[in-house]
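Asker: Going down the list, the sequences are from chains R and L. What the first sequence shows, in this note's numbering, is residues 57 to 262, in sequence order. What the second sequence shows, in this note's numbering, is residues 2 to 79, in sequence order.
If you are wondering where the hints come from, they were derived from the structure by calculation, not from laboratory data. Incorrect hints may appear among the rest.
Said to hold, decoys possible - If you anchor each label on the Cβ, the simulated ranges turn out as follows:
| id | chain 1 | residue 1 | chain 2 | residue 2 | range |
| --- | --- | --- | --- | --- | --- |
| 1 | R | Asp207 | L | Glu77 | 30 to 36 Å |
| 2 | R | Met77 | L | Gln8 | 42 to 48 Å |
| 3 | R | Gly118 | L | Gly79 | 22 to 28 Å |
| 4 | R | Glu194 | L | Ala72 | 26 to 32 Å |
What the hints assert, rightly or not - Derived coverage of chain R by chain L (criterion: at least 3 residues anywhere in the stretch with Cβ under 8 Å from a Cβ of chain L; other residues may be distant):
| id | region |
| --- | --- |
| 5 | 82–91 |
| 6 | 96–108 |
| 7 | 178–186 |
| 8 | 228–235 |
Beta carbons are placed, not taken as given, at the ideal position from N, Cα and C, and that holds for glycine.
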Amino acid sequence: VAERAVELSASDKQRFQEDAMPLLDSLYAGALRMTRNPADAEDLVQDTLLRAYRAFDRFEPGTNLKAWLFRIMTNAYINTYRKKQREPLKVSSEEVEDFDLYRELKDHDPSLSETPETIVLDSLVDSDITEAIDALPEQFRLAVVLSDVEDFSYAEIAEIMDVPLGTVMSRLHRGRKALQKRLWELARDRGIVKGSADDRARRNGA
Amino acid sequence: VKDHCRQLLQKAYLFLDGEILSETERHEIRIHLEECAPCYERYGVDEQVKMLVARLKGNCRCPDELRSKVARMIEEAG
Numbered sequence: 057v058a059e060r061a062v063e064l065s066a067s068d069k070q071r072f073q074e075d076a077m078p079l080l081d082s083l084y085a086g087a088l089r090m091t092r093n094p095a096d097a098e099d100l101v102q103d104t105l106l107r108a109y110r111a112f113d114r115f116e117p118g119t120n121l122k123a124w125l126f127r128i129m130t131n132a133y134i135n136t137y138r139k140k141q142r143e144p145l146k147v148s149s150e151e152v153e154d155f156d157l158y159r160e161l162k163d164h165d166p167s168l169s170e171t172p173e174t175i176v177l178d179s180l181v182d183s184d185i186t187e188a189i190d191a192l193p194e195q196f197r198l199a200v201v202l203s204d205v206e207d208f209s210y211a212e213i214a215e216i217m218d219v220p221l222g223t224v225m226s227r228l229h230r231g232r233k234a235l236q237k238r239l240w241e242l243a244r245d246r247g248i249v250k251g252s253a254d255d256r257a258r259r260n261g262a
Numbered sequence: 002v003k004d005h006c007r008q009l010l011q012k013a014y015l016f017l018d019g020e021i022l023s024e025t026e027r028h029e030i031r032i033h034l035e036e037c038a039p040c041y042e043r044y045g046v047d048e049q050v051k052m053l054v055a056r057l058k059g060n061c062r063c064p065d066e067l068r069s070k071v072a073r074m075i076e077e078a079g
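Required output: the full structure, derived from the provided sequences and hints.
Answerer: Here it is in structure tokens:
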């Protein structure tokens with residue numbers, strides 16, 4: 057971003073204080089899931105707010121400020137922070153498409169309960185969920201976080217990530233599949249569920 | 002999964018995500034989920050996973066130190 061002298065009117069400054077600053081919790085939560093570590097998340101939030109402040113005269117009052125800030129943050133993340141970070145191994149999309157958590161839950165132990173999903177999913181703690189989200193490939197991770205943590209609509213996510221609506225929907229779909237697969241694996245590693253014999257053989261490299 | 006179920010489940014995800022649907026579409030989804038147990042359960046699994054992820058909303062507040070750093074930075078920017 058080119059350095060630009062800030063010449064916000066007094067009322068713009070006040071509006072930034074009143075409207076943008078209360079969104080810091082949301083922005084920090086988003087930044088943490090984007091960068092996956094607190095130090096980078098803090099830098100990203102500062103960077104975002106400074107960029108936003110400098111450009112605030114171009115924000116159209118009455119439009120969605122949170123979406124506008126997230127768009128700035130997403131761009132800042134992609135252009136700066138992502139380069140520093142190693143991305144997790146790409147999930148093969150075929151493997152993801154095939155995964156069906158519902159099937160796995162139904163199959164794993166019919167004697168356990170009529171609603172095994174409740175038992176399995178309730179046993180996962182918040183750190184399991186962050187771990188599963190953090191393991192997602194970036195584009196899936198961003199879509200899932202923007203939708204399920206930040207409550208943006210598909211149209212807003214399309215705007216924030218600068219992709220067509222259809223792309224948002226497919227990233228969300230695949231991201232959730234990958235997330236469910238990871239959560240299932242975590243539940244299995246914790247011994248919350250027992251994998252099938254086939255699974256165990258595969259995992260042992262047989 | 003049958004084609005009909007697949008189509009309705011896709012719409013059900015829109016419903017789950019709070020996307021705007023017509024009254025007819027919402028009705029169609031409700032009826033199908035009432036009548037088709039596998040779709041109802043499948044939808045339930047996705048709903049639960051979405052709720053799990055949503056739990057993260059409340060539990061990471063911006064650290065106070067960062068909040069004051071940002072405030073100072075903006076102050077200095079003019």
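Asker: Look at each hint and say if it fits the structure.
Answerer: So, going through the hints one by one against the coordinates:
| no. | hint | result |
| --- | --- | --- |
| 1 | R:Asp207 - L:Glu77: 30 to 36 Å | 32 Å, holds |
| 2 | R:Met77 - L:Gln8: 42 to 48 Å | 44 Å, holds |
| 3 | R:Gly118 - L:Gly79: 22 to 28 Å | 25 Å, holds |
| 4 | R:Glu194 - L:Ala72: 26 to 32 Å | 30 Å, holds |
| 5 | 82–91 | holds (count 5) |
| 6 | 96–108 | holds (count 5) |
| 7 | 178–186 | holds (count 4) |
| 8 | 228–235 | holds (count 4) |
Going down the numbered hints, you'll see the structure goes against none, and every one checks out.
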